[in-house]
Structures are given as structure tokens and as C-alpha cells.
Amino acid sequence: MLRRNKKHISEYEILISAKPGFSLPNVRELWEYRDLLFLFVQREFISKYRQTVLGPLWYIIQPLLLSGIFTVVFGNIAQLPTDGVPPILFYLCGLATWGYFGQSFEGAANSLVLNAHLMSKVYFPRVIAPLSAIASKFMMFFIQFSLFMVCYFYFKFFTQVGAHLHFTNTIFMVPYLFLIAICLSLGAGLLMAAATAKYRDLIHMIGFMIQLWMYATPIIFPATEFPPRWRFLIFINPMATVVEGVRLAFLGQGYWTNKCLFAASAISFVVLILGLLAFAKTEKNFIDTV
Amino acid sequence: MSNNKKYVIEVNHLSKLYDLGIIGSHTLRESIDRSWQRYRNRAVQLAPPSPFTGRQGPFPNSMWALKDVSFNVEYGEIIGVIGRNGCGKSTLLKILSRITEPTSGTALIRGRISSLLEVGTGFHGELSGRENIYLNGAILGMRRKEIDKHLEQIVEFSEIGKYIDTPVKRYSSGMYVRLAFAVAAHLNQQVLMIDEVLAVGDHAFQQKCLEKTRRMAGTGRTILFVSHDIDAVASLCHKCIYMEDGEIVEIGKPSEVIPLYTQAKKAA
Ligand SMILES: Nc1ncnc2c1ncn2[C@@H]1O[C@H](COP(=O)(O)OP(=O)(O)O)[C@@H](O)[C@H]1O
Ligand SMILES: [Mg+2]
Numbered sequence: 038m039l040r041r042n043k044k045h046i047s048e049y050e051i052l053i054s055a056k057p058g059f060s061l062p063n064v065r066e067l068w069e070y071r072d073l074l075f076l077f078v079q080r081e082f083i084s085k086y087r088q089t090v091l092g093p094l095w096y097i098i099q100p101l102l103l104s105g106i107f108t109v110v111f112g113n114i115a116q117l118p119t120d121g122v123p124p125i126l127f128y129l130c131g132l133a134t135w136g137y138f139g140q141s142f143e144g145a146a147n148s149l150v151l152n153a154h155l156m157s158k159v160y161f162p163r164v165i166a167p168l169s170a171i172a173s174k175f176m177m178f179f180i181q182f183s184l185f186m187v188c189y190f191y192f193k194f195f196t197q198v199g200a201h202l203h204f205t206n207t208i209f210m211v212p213y214l215f216l217i218a219i220c221l222s223l224g225a226g227l228l229m230a231a232a233t234a235k236y237r238d239l240i241h242m243i244g245f246m247i248q249l250w251m252y253a254t255p256i257i258f259p260a261t262e263f264p265p266r267w268r269f270l271i272f273i274n275p276m277a278t279v280v281e282g283v284r285l286a287f288l289g290q291g292y293w294t295n296k297c298l299f300a301a302s303a304i305s306f307v308v309l310i311l312g313l314l315a316f317a318k319t320e321k322n323f324i325d326t327v
Numbered sequence: 050m051s052n053n054k055k056y057v058i059e060v061n062h063l064s065k066l067y068d069l070g071i072i073g074s075h076t077l078r079e080s081i082d083r084s085w086q087r088y089r090n091r092a093v094q095l096a097p098p099s100p101f102t103g104r105q106g107p108f109p110n111s112m113w114a115l116k117d118v119s120f121n122v123e124y125g126e127i128i129g130v131i132g133r134n135g136c137g138k139s140t141l142l143k144i145l146s147r148i149t150e151p152t153s154g155t156a157l158i159r160g161r162i163s164s165l166l167e168v169g170t171g172f173h174g175e176l177s178g179r180e181n182i183y184l185n186g187a188i189l190g191m192r193r194k195e196i197d198k199h200l201e202q203i204v205e206f207s208e209i210g211k212y213i214d215t216p217v218k219r220y221s222s223g224m225y226v227r228l229a230f231a232v233a234a235h236l237n238q239q240v241l242m243i244d245e246v247l248a249v250g251d252h253a254f255q256q257k258c259l260e261k262t263r264r265m266a267g268t269g270r271t272i273l274f275v276s277h278d279i280d281a282v283a284s285l286c287h288k289c290i291y292m293e294d295g296e297i298v299e300i301g302k303p304s305e306v307i308p309l310y311t312q313a314k315k316a317a
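Read top to bottom, the protein sequences are chains V and R. Add 37 to the 1-based position in the first sequence for this note's numbering, that's all there is to it. Add 49 to the 1-based position in the second sequence for this note's numbering, that's all there is to it.
Treat the hints with caution; some may be incorrect.
Unchecked claim - Rough simulated footprint, nothing fancy, chain R against chain V, three-plus residues with beta-carbon under 8 Å:
hint: 1; region: 48-59
hint: 2; region: 80-94
hint: 3; region: 153-159
hint: 4; region: 311-324
Rather than coming from a laboratory, the hints here were simulated on the basis of the structure. Where a beta carbon is used, it is the ideal one built from N, C-alpha and C, also for glycine.
Turn these sequences into a full structure, and let the hints guide you.
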């Protein structure tokens, strides 16, 4: 006989209905799914490293190559100034910071389409997918930033320009700057994920967008190259504040005002909220059109 | 039916409307047209499906995959859902699993749900069997600690043996299915949705899975079970739901409902 006793029925209730309007993620539920987040990150690592020969080494080669190219093209040929910092250091610092942002943005933007199959078979808070995409880029950032540090100490102690290189107090702001970068990459990535779910061909635009965005960010040039009157235009992009701030912190050169910091914080926050709302709206039925 | 009786699953007038023309990508222009149409037809869309128009939805090119479905499931019951292809069985399970939202109606589920709409959901070829057990388990809603606790049993049930640390891309399809089922068989959620997944794997293993399903129900699990295997439904289920064209035709004892379905199938 079945034990149809009322007290065996769980207290946990799930109500399913059409929910019009906008909503934000349920933090408590996300916390319940933290193991899945961790396993998604692990999946990303393992699948990446078991398949490539060079593995994490690639993370070192790529920024080095790019910085080398930048040094030749923008430093030597175009003669763009680098605030008196050795060009390679200048570029590496910007690229490591930007690299984390760009990769996170791309990962979050692709997360819906890449996990569509999974999402059509099982429920989990959908935002776990972009969150894990962003979390899995920490390792890459760590490696690239270490590379920058190694170069930094080389220049500091073995070259003449070393005397001008010094950390500044802005270093205490670096964690906050990364928080801005994370919020912005998540927010922009979620917006893009929602857009690609609807218009699948936008997925080909993501790489191009990252490229354009990078050139709009002061990575190959210092923001001070821009006339003061127009400088604010660059700083509409919160990543400009982040990159300049990180350079000021580690290289002693960078443009930094409280106004920029405030604008960057506000803009990233707004983008994050918009991204979360758009994503929540999309995730409800996006499986129907896969 | 008394009101104070608590069901594990309560489904009330659940409906799902699908747009037929929009699978895959579409242009901005189409999308704007559609939104405009939607906006103008809001009143139509909010109205419940009409009993007279069959599956045809309120817009051209739309259909009710599920139409005004209501039923209740008691604690510990195994419910079989049968019906021809396209009658809306998977849609029902997807809504109850929170994979997609209903267009109207509600469902209340008391307990944690796990849905098996496919074997080995989220298995990754590069990961080892062991790693996939954890990933798949987490995807199906298990906590890491719970998987730790059941790991030995899962490995044993799967009969994978020493291949447990081999990447699953090197598994034979049989091994793959066995491992996937082994994880599913050790889920501990109170409510389980199974969609025709038992149709794969060899006969002996299928029997083992059916047996396991029966025992899971005996421990107070409530199961919603879609299958084409009428014998399995007859032997496993306490109750049976027969659906046609997105609507429920009959709910009742398998011995009474199954003949309706087999007759309808013969007539067609
Ligand atoms: N994503 C979708 N978009 C449009 N139509 C769909 C979609 N999914 C299912 N359908 C349609 O809904 C109906 C019910 O499908 P389904 O629930 O999968 O049936 P069953 O599982 O009973 O075979 C079918 O006619 C199918 O073509
Ligand atoms: Mg089906």
C-alpha cells in the first residue's frame, strides 16, 4: 500500500505560471546551485586543457605576441606615446586588464546559445551559465597578470627606466576597479546573450564588437592624448577608467578623477541591472525557438 | 475531492501556445510585425483557449501544444502519460520541469523536481565517467555531498567498473547509457519527470531500470512517466493519463485507460 501520508509531502513548493513583466535573479536559489556553478567552471577548464597542446601557455603567448605587434606598429611606426612607460609594459598592463573583460563579455554573451541544448532538457537558474563563463576566466587573468608582473619587475630592476616605475596608492582601488569590470562584462554579456537568443546571427558580431570596444578603450594610447574637452567621451566607457586606474596603480601613470570613477560605477551598475532584466525576460521561453 | 488534501502536483488549466513560424533566427522586421500583432491581439491572447477551435491558436501560425490541462497527483503515485506523437506529452513535462513557461494556467509542485527528458544530459566527452557523474548529478539538481554519498552505488549500478576514470568519449553507447541511468537512478528529489528515456539501452538494463523506478516510487517518490511502452506503463503506473491533440481525454486506472488508447490507435 502507498504511504499517502500528508506529513511526507515536502514543504518546498514550486509555483509554475506565466510570469509577465521583469524580474531579478533569486539569490537564494543561486546559492543552492553553487555546486553546479563550480562544476561548470571545472568543465570549462578540463575541456579546454585536455584538448589543446599548449594549454594555459597560450594565455602567455597571446598577450606577448599582441604587445610585440603593438610595440612595432603603434610605438615605433605610428609613434603613439605611452606616458613615458616602456611600451611593452604599457600594452601588457592594458591587455591583461582588457583580456579579462573581453573574454568574460564573450563568454557571457555566448552562454545561452552554447548551453541551449542543456537548457532544453533540464531546469537550473539560467544565469548560472553566464556567471560560470565569467568565473572561469579568472585563471586566464591570473596568468596574464602574472606575466605583466614578471615583465614589470624585469624593467624595474634591470633597466634604466625602472627608476620611474612605481606603485601608487590607487593600488587599493584595484579590487574595486575589477568589480566594475566584472559587473560591466556580466551586464553587457547578458544583454548580448538576450539579443543573440532572439537574433541568432548577432553571434557573429560579438568578436567584432569586442575588437571595436578594445580600440575605444585606452590600451594602445593614454587617455591624456585626448584634448581635455573631449576626454569625457572616452570615459563614457567604464573600461577606460578601469584600464587607466590599473595603469596608475602599477605603472605610476594614468588619468584618474573621482568624476570618472563615479561615472564608471554608475554606468556599470545600470548596465548590469539592464542585462539581468533582459536576460530574465529572455530565458523564460527562449527554448521554444531553439 | 476535499480541499484540505494536499497533492504533490496540482495542475490547473495549463495551456501552452507555440508560434510555428519562428523556430531559428528571424529578422528584426518580422519580429516588430509580430510584436505589433501581439499587442493588438492582447485581449485574444489572454483569453483561455476556446473549446471549439481545436489546436488552432488565436494567431495565424500558432497552435496549442497543450490545451487546458488539469489534473492532480497524490503522494507516491506513478502516473503514466500516453498518447500519440505530438499530443503534447513532452510539452507538459517541460512546463512542469520549468524548462519553458506556460502561456496560461498554473501548476503547483510540492517538493524538489528532477527531470529526465534525455539520458546523460550535459555529459561532456572530454570529462571522465567520474567527473560526468558529478556534473550530470549537479545538473539534475543534486548537491555535491549527496553525490559523494552515492558515488559507489552509482558506479556499481552502471557496471562501468574500471572505466570510471576514462573520458566518456571513449565509452561504447551502451556504457554511456548505463552510466547516465545510474546517476538518474540515484536522484533523491521527491518528484521525478521521465520522458521516454527508458526506450534506449539493452533489454536487461531496461528491466533493471524499471525495477529501480518501481522501488523509487515505493520510497515515497512521485513520478510522472511518459512512455510508448504500454506494457511498462501497465505494470508500473498507478494511474494513467491519455492525451490527444493537447488535451486530456481520460485519466484513470491503467487497465481502463490503456484500452481507449490502443483502440484509438487501431482506428487511426
Ligand atoms: N518549440 C516548439 N515550437 C513549435 N512547436 C512545437 C515546439 N515544441 C513542440 N511543438 C509542437 O507541439 C506539439 C506537441 O509536441 P510534444 O509535446 O513534443 O509532443 P509529444 O511529446 O507528445 O510527442 C507538436 O505538434 C509539436 O510539433
Ligand atoms: Mg515527446
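| said: Under the constraints set out in the numbered hints, which ones does this structure not fulfil? | reply: No numbers; nothing is violated.
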